[in-house]
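**Q** If you read the sequences in order, they're chains Y and V. First residue of the first sequence: 0, per numbering that gives the first Met the number 0; consecutive thereafter. First residue of the second sequence: 0, per numbering that gives the first Met the number 0; consecutive thereafter.
Please note that a few of the clues may not be correct.
[Claimed, not checked] Chain Y is faced by these chain V residues, among others (derived, beta-carbon under 8 Å):
id, residue
1, A1
2, S3
3, T24
4, Y52
5, T54
6, G59
7, M65
8, R68
9, F86
10, W91
[To be verified] Straight-line distance between alpha carbons at most 27 Å, and here's what the computed DSSO-like set of lysine-lysine pairs gives:
id, chain 1, residue 1, chain 2, residue 2
11, Y, K164, V, K81
12, Y, K120, V, K81
13, Y, K130, V, K44
14, Y, K62, V, K81
15, Y, K136, V, K44
16, Y, K72, Y, K120
17, V, K44, Y, K72
Rather than coming from a laboratory, the hints here were simulated on the basis of the structure. Cβ atoms here follow ideal geometry from the backbone N, Cα and C, with glycine treated the same way.
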Amino acid sequence: MPAERFPVEASHILMFARSIGDPNPIYQSESYATAAETGGIIAPPTFVQASAQFDENYRLRPKVGEPWMGSGKEATGIPPKEPGEADDTPTGMGARGLHAEQHYEYHRHIRPGDVLSATVKPGESWEKQSKRAGLLKFSETVTEYRDQTGELVITARSVGVQTEKAVEG
Amino acid sequence: MALSASNISVGDTHSDVLVEDLKRTQLVQYAGASGDYNPVHTDEKFVTEVAGYPTVFAHGMLTMGMTGRLLTDWVGDGRLTKYGVRFVSQVWPGDTLRGTAEITDIRDEDGVTVADISVTTVNQDDVPVVTGTATARLDP
Numbered sequence: 000m001p002a003e004r005f006p007v008e009a010s011h012i013l014m015f016a017r018s019i020g021d022p023n024p025i026y027q028s029e030s031y032a033t034a035a036e037t038g039g040i041i042a043p044p045t046f047v048q049a050s051a052q053f054d055e056n057y058r059l060r061p062k063v064g065e066p067w068m069g070s071g072k073e074a075t076g077i078p079p080k081e082p083g084e085a086d087d088t089p090t091g092m093g094a095r096g097l098h099a100e101q102h103y104e105y106h107r108h109i110r111p112g113d114v115l116s117a118t119v120k121p122g123e124s125w126e127k128q129s130k131r132a133g134l135l136k137f138s139e140t141v142t143e144y145r146d147q148t149g150e151l152v153i154t155a156r157s158v159g160v161q162t163e164k165a166v167e168g
Numbered sequence: 000m001a002l003s004a005s006n007i008s009v010g011d012t013h014s015d016v017l018v019e020d021l022k023r024t025q026l027v028q029y030a031g032a033s034g035d036y037n038p039v040h041t042d043e044k045f046v047t048e049v050a051g052y053p054t055v056f057a058h059g060m061l062t063m064g065m066t067g068r069l070l071t072d073w074v075g076d077g078r079l080t081k082y083g084v085r086f087v088s089q090v091w092p093g094d095t096l097r098g099t100a101e102i103t104d105i106r107d108e109d110g111v112t113v114a115d116i117s118v119t120t121v122n123q124d125d126v127p128v129v130t131g132t133a134t135a136r137l138d139p
């Protein structure tokens, strides 16, 4: 589920930096950043995760006209997946999916004005039994972010895990 | 200011409080900025009644982001060449997190001096929530 076109904007970088509690002026002050080593505003190291905003099919965003798993009148707009249901059942996928690992390689740091495109390659998948959450199903994806010139700027490797039950303790 | 190879050594550490008494509102803020609206992070009714957790919990990527601040505050802006973490325990509203980074190696990589760094973020009970590694480009 890659973002085909992720325009990097200064206001988005500002909001993202605020959300992680980082007041560093390199993320918000044009005058400070221009005089700094970077020569301009850059994005925080984990900002590229916000490419989800530009992924048309991103599952964890409510979409007009489609059921949403979050609560309204009921606790969920979609019944959660039952154990044993097929993996591709489009149900309460948020309830049991957790992020296990995230790794970035920075070929350069991204800036306002960059227009990135992402390509995703599936990686390995494996299973593990755990005491705290039952059977764990891990799957890896590698996302390559390229800029408007086609240059590779960030390589991201993500490991997700589906847990059998809520994690205890 | 970036770190310089001439004034750091393997074993040097940097530690800071990343957040005190994490607020649910910050989870909402992170959801809005990142675009990850998974209701387990913001929807008390969904997370308790459907997902089976005691309350909402933080996006792993929020903790990675806060831990990233610890690194960039130390090594300098735009200096990271690699940064990766494992999410080892959940982070809950009310948690106070402290991150600690340590230089594990200083070496040459394609003619550039870099530092390898290990990083761990723990909660108020000293339970690790994120562990990871990073590599940063140093001044000579």
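**Q** Would you mind marking each hint as holding or not holding in the structure?
**A** Outcome of the hint check:
Annotation: interface hint on A1/V holds; nearest CB of chain Y at approximately 7 Å, less than 8 Å. At about 13 Å, the closest approach between the beta carbon of S3/V and any beta carbon in chain Y exceeds 8 Å, and the interface hint on this residue is violated. The restraint placing T24/V at the interface with chain Y is violated, with a minimum CB-CB distance near 10 Å, outside the 8 Å limit. Because the beta carbon of Y52/V sits about 5 Å from the nearest beta carbon in chain Y, less than 8 Å, this interface hint is met.
Because the beta carbon of T54/V sits about 12 Å from the nearest beta carbon in chain Y, more than 8 Å, this interface hint is broken. About 4 Å separates the beta-carbon of G59/V from the nearest beta-carbon of chain Y, less than 8 Å, and the hint is met. Among the interface hints, the one on M65/V holds; its C-beta lies about 5 Å from the nearest C-beta in chain Y, closer than the 8 Å criterion. At about 4 Å, the closest approach between the beta carbon of R68/V and any beta carbon in chain Y falls short of 8 Å, and the interface hint on this residue holds.
Of the supplied interface hints, the one on F86/V holds, with its beta-carbon coming within about 6 Å of a beta-carbon of chain Y, less than 8 Å. Of the supplied interface hints, the one on W91/V is violated, with its beta-carbon coming no nearer than about 12 Å to a beta-carbon of chain Y, more than 8 Å. As the CA atoms of K164/Y and K81/V are separated by approximately 33 Å, the hinted pair breaks the 27 Å bound. In summary, the hint linking K120/Y to K81/V is supported, as the alpha carbons are separated by about 19 Å, within the 27 Å threshold.
Our distance criterion of 27 Å between C-alpha atoms is met by K130/Y and K44/V, whose separation comes to about 26 Å. For the hint pairing K62/Y with K81/V, the CA-to-CA distance comes to about 34 Å; that exceeds 27 Å, so the pair is violated. For the hint linking K136/Y to K44/V, the alpha-carbon distance of about 26 Å falls within 27 Å, and the restraint holds. With a CA separation close to 38 Å, the supplied pair K72/Y and K120/Y exceeds the 27 Å bound.
Between the alpha carbons of K44/V and K72/Y the distance comes to roughly 10 Å, so the proposed pair stays at or under 27 Å and holds.
Violated hints for the displayed structure, listed by number in ascending order: 2, 3, 5, 10, 11, 14, 16.
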